[in-house]
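There are 2 protein chains.
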Amino acid sequence: MSEHPGVLERLLSGDVTALARAITWAEAGDARFQRVLSGANERVGKGWRVGVTGPPGAGKSTLVNEMIGAHRAADRTVGVIAVDPSSPFTGGALLGDRIRMDGRSSDGGVFIRSMASRGSRGGIARATVDAVDAMDVFGFQELLVETVGVGQAEYDVVGAADTVLVVLCPGAGDGVQALKAGILEVADVLCVNKADLPGAERLVSDLEEAVELRAVGLRDGWITPVISCSAGKAEGIAEVMSALASHREWLEEGRLREHRSVRRLAQVRRAVAEALDVELWEAAGWRDRASHLLENGKAHYDVVADLINGLRDAVREKTEGSTKER
Amino acid sequence: MSEHPGVLERLLSGDVTALARAITWAEAGDARFQRVLSGANERVGKGWRVGVTGPPGAGKSTLVNEMIGAHRAADRTVGVIAVDPSSPFTGGALLGDRIRMDGRSSDGGVFIRSMASRGSRGGIARATVDAVDAMDVFGFQELLVETVGVGQAEYDVVGAADTVLVVLCPGAGDGVQALKAGILEVADVLCVNKADLPGAERLVSDLEEAVELRAVGLRDGWITPVISCSAGKAEGIAEVMSALASHREWLEEGRLREHRSVRRLAQVRRAVAEALDVELWEAAGWRDRASHLLENGKAHYDVVADLINGLRDAVREKTEGSTKER
Numbered sequence: 001m002s003e004h005p006g007v008l009e010r011l012l013s014g015d016v017t018a019l020a021r022a023i024t025w026a027e028a029g030d031a032r033f034q035r036v037l038s039g040a041n042e043r044v045g046k047g048w049r050v051g052v053t054g055p056p057g058a059g060k061s062t063l064v065n066e067m068i069g070a071h072r073a074a075d076r077t078v079g080v081i082a083v084d085p086s087s088p089f090t091g092g093a094l095l096g097d098r099i100r101m102d103g104r105s106s107d108g109g110v111f112i113r114s115m116a117s118r119g120s121r122g123g124i125a126r127a128t129v130d131a132v133d134a135m136d137v138f139g140f141q142e143l144l145v146e147t148v149g150v151g152q153a154e155y156d157v158v159g160a161a162d163t164v165l166v167v168l169c170p171g172a173g174d175g176v177q178a179l180k181a182g183i184l185e186v187a188d189v190l191c192v193n194k195a196d197l198p199g200a201e202r203l204v205s206d207l208e209e210a211v212e213l214r215a216v217g218l219r220d221g222w223i224t225p226v227i228s229c230s231a232g233k234a235e236g237i238a239e240v241m242s243a244l245a246s247h248r249e250w251l252e253e254g255r256l257r258e259h260r261s262v263r264r265l266a267q268v269r270r271a272v273a274e275a276l277d278v279e280l281w282e283a284a285g286w287r288d289r290a291s292h293l294l295e296n297g298k299a300h301y302d303v304v305a306d307l308i309n310g311l312r313d314a315v316r317e318k319t320e321g322s323t324k325e326r
Numbered sequence: 001m002s003e004h005p006g007v008l009e010r011l012l013s014g015d016v017t018a019l020a021r022a023i024t025w026a027e028a029g030d031a032r033f034q035r036v037l038s039g040a041n042e043r044v045g046k047g048w049r050v051g052v053t054g055p056p057g058a059g060k061s062t063l064v065n066e067m068i069g070a071h072r073a074a075d076r077t078v079g080v081i082a083v084d085p086s087s088p089f090t091g092g093a094l095l096g097d098r099i100r101m102d103g104r105s106s107d108g109g110v111f112i113r114s115m116a117s118r119g120s121r122g123g124i125a126r127a128t129v130d131a132v133d134a135m136d137v138f139g140f141q142e143l144l145v146e147t148v149g150v151g152q153a154e155y156d157v158v159g160a161a162d163t164v165l166v167v168l169c170p171g172a173g174d175g176v177q178a179l180k181a182g183i184l185e186v187a188d189v190l191c192v193n194k195a196d197l198p199g200a201e202r203l204v205s206d207l208e209e210a211v212e213l214r215a216v217g218l219r220d221g222w223i224t225p226v227i228s229c230s231a232g233k234a235e236g237i238a239e240v241m242s243a244l245a246s247h248r249e250w251l252e253e254g255r256l257r258e259h260r261s262v263r264r265l266a267q268v269r270r271a272v273a274e275a276l277d278v279e280l281w282e283a284a285g286w287r288d289r290a291s292h293l294l295e296n297g298k299a300h301y302d303v304v305a306d307l308i309n310g311l312r313d314a315v316r317e318k319t320e321g322s323t324k325e326r
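These protein sequence lines are chains A and B, in that order. So that you can map any letter, position 316 of the first sequence is 316 in this note's numbering, and since no number is skipped, the others follow by simple counting. So that you can map any letter, position 40 of the second sequence is 40 in this note's numbering, and since no number is skipped, the others follow by simple counting.
Derived by calculation from the structure, the hints in this document are not laboratory data. Here the structure is a predicted model, which is why all the values come from computation and not from measurement. One or more hints might be untrue.
[Said to hold, decoys possible] One-sided and incomplete, this derived list gives chain A residues near chain B with beta-carbon spacing under 10 Å:
(1) Gly6
(2) Glu9
(3) Ala28
(4) Ala40
(5) Glu208
(6) Glu212
(7) Trp222
(8) Glu274
(9) Ala275
(10) Glu295
(11) Val315
(12) Glu317
Glycine included, each C-beta is placed from N, C-alpha and C at the ideal position.
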């Protein structure tokens, strides 16, 4: 407790060590993070958040490195959070190399941090968004979140961004068919990387067709562009940056406030779910009660009902009580 | 409500249409499923559950098909749930082909069903385990769950199995380094598929080394075997089946009861989390309260604290009240 005013002040004054500390707290679900963030709440929301996702092997890390370069060339500061999918598994070796930078590069305008997703089961999305908030408070102008996974947690992570960039490449998996519709719903910009590989043109046209068939109404008028690039050869980066900038302009001209409200509410919801789980399961003894009921042969959904009904009664009584008090 | 006694009876009498109906309810989070399952609680736990997972392209579906064949050759009935990762994305085309069988094959001893993971965000693990319970109640002896994804939800799904089979293949992603330690913790049997491809021997020896370094204590004495096979050529299937059988014997000789208690408790916990989210967020008006507080500039963690503290008070008062009553 004694430490957090120091960390908050140092964070606000540009001390990168304090930023790293805050993110470590976020990762651990340490309550000190919450106090730091609450103390700097008015500074949250100044940076622009781009979520970068896509299947393993699509070249996300390479593209993110190019994006960092483009931002730095325009003298914009960049904070990057990479979700390290150490559990259960995914191809993240490139990422692994970058992680060794341990949050600092030789360029003070760039901060890169990987989030260990292990040990925070269910809390990855919460911790990652918290970490981006910390970089935002610190003052980075461009906030990038790269997720290597393809699961629900990663979906939640990129869904918290202002702009979602989905990176694909020809030949990975089974192409568009395998991607199904979900990807179009989350993508604000679609990027086909490794555009010189066979099948790239086909993938682009398939995606364009899919966007055409489904985009209407999904994003309130934003038509997801499909961009080709070869991040490994630094080709097409300007086009990607331009598409991202267009989405930003589009949001800023209208829906940004609403977009961010929805996002912030989802953030509260996730944090509530995580806190509730701890609160009830551990502190309020639900684990013991559930174990006891299961051991006595009660069907598991009856156990669930027992727990929930008890809580429902408590909340109702509380609500009625506080209404009377007024 | 009027329908569920019929479904339960038909399910118990071997009507596959009733099974399909029950699973559809499970998928939709329909309360009728819970009543069906509670009515057949004593029959849950008769079948043996094997979770099959691994990165996209490892050949899981092909291997599962071979496993089905091996079980059928030994005259054991098989129920299969495949988690269809339609959102956000993964390579699942092979799976897609199989899905068209729509829960029925020409062999009455096999039931295959894919679970749509879209639309049940956060509830995939709950719905999948429910579906396996339904197949268990129906009477299938061998219960296979195949997950194509690599995220947290899939981890939860396979973690609910008696035996977890992790399928890898050489050249997919970056090998062992990319897999990190997490995979060893969930794997009861490791299988290197496509064993004729270059790099297979190396992958096997790397995995064996990794098991040797980390296995102690992780599974209370079970040493995860590493098996080579080529599912596409039907080679090595007997060895995979034998390794799975060994794990089953090992569990049945000791830890099965404890293992399943832990699993069942996790199942209750997931269902509670899902029910709580609906109960509090929607029914008890937490969404509105959170929106209101956020709009008034409250930091999001302060909003979380506000909601949780209110609940904590209610639960405490309720607990004290019920203690007094006794």
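May I ask you to test the interface hint for Glu295/A with respect to chain B, counting a Cβ-Cβ separation under 10 Å as satisfied?
-> 8 Å, holds
Per-residue hint verdict: Ala28/A, partner chain B, C-beta under 10 Å | 15 Å, violated
Using Cβ atoms only, decide whether Glu317/A comes closer than 10 Å to chain B, and label the hint accordingly.
-> With a closest approach of 6 Å, the Glu317/A hint holds.
Mind checking the CB of Glu9/A against every CB in chain B and telling me if the closest is under 10 Å?
-> 17 Å, violated
Under the criterion of a CB-CB separation shorter than 10 Å, is Ala40/A in contact with chain B as hinted?
-> Holds - the Cβ of Ala40/A comes within 10 Å of chain B, reaching about 8 Å at its closest.
Would the hint on Glu208/A stand, with a C-beta cut-off of 10 Å toward chain B?
-> Since chain B brings no Cβ nearer than about 17 Å to Glu208/A, farther than 10 Å, the hint is violated.
Using Cβ atoms only, decide whether Trp222/A comes closer than 10 Å to chain B, and label the hint accordingly.
-> 18 Å, violated
Restraint check, 10 Å cut-off on beta carbons, for Val315/A near chain B | For Val315/A, the interface hint holds, since the closest Cβ of chain B sits about 5 Å away, which is under 10 Å.
Per the CB criterion, is Gly6/A less than 10 Å away from chain B?
-> Violated - the Cβ of Gly6/A stays beyond 10 Å from chain B, reaching only about 19 Å at its closest.
Have a go at the Glu274/A hint: is there a Cβ in chain B nearer than 10 Å to its own Cβ?
-> Result: holds, 9 Å to nearest chain B Cβ.
Do the numbers back the hint for Ala275/A, that is, is its least Cβ distance to chain B under 10 Å?
-> 5 Å, holds
Cut-off 10 Å, beta-carbon criterion: hint that Glu212/A touches chain B | 19 Å, violated
Going down the numbered hints, you'll see the structure goes against 1, 2, 3, 5, 6, 7, while the others check out.
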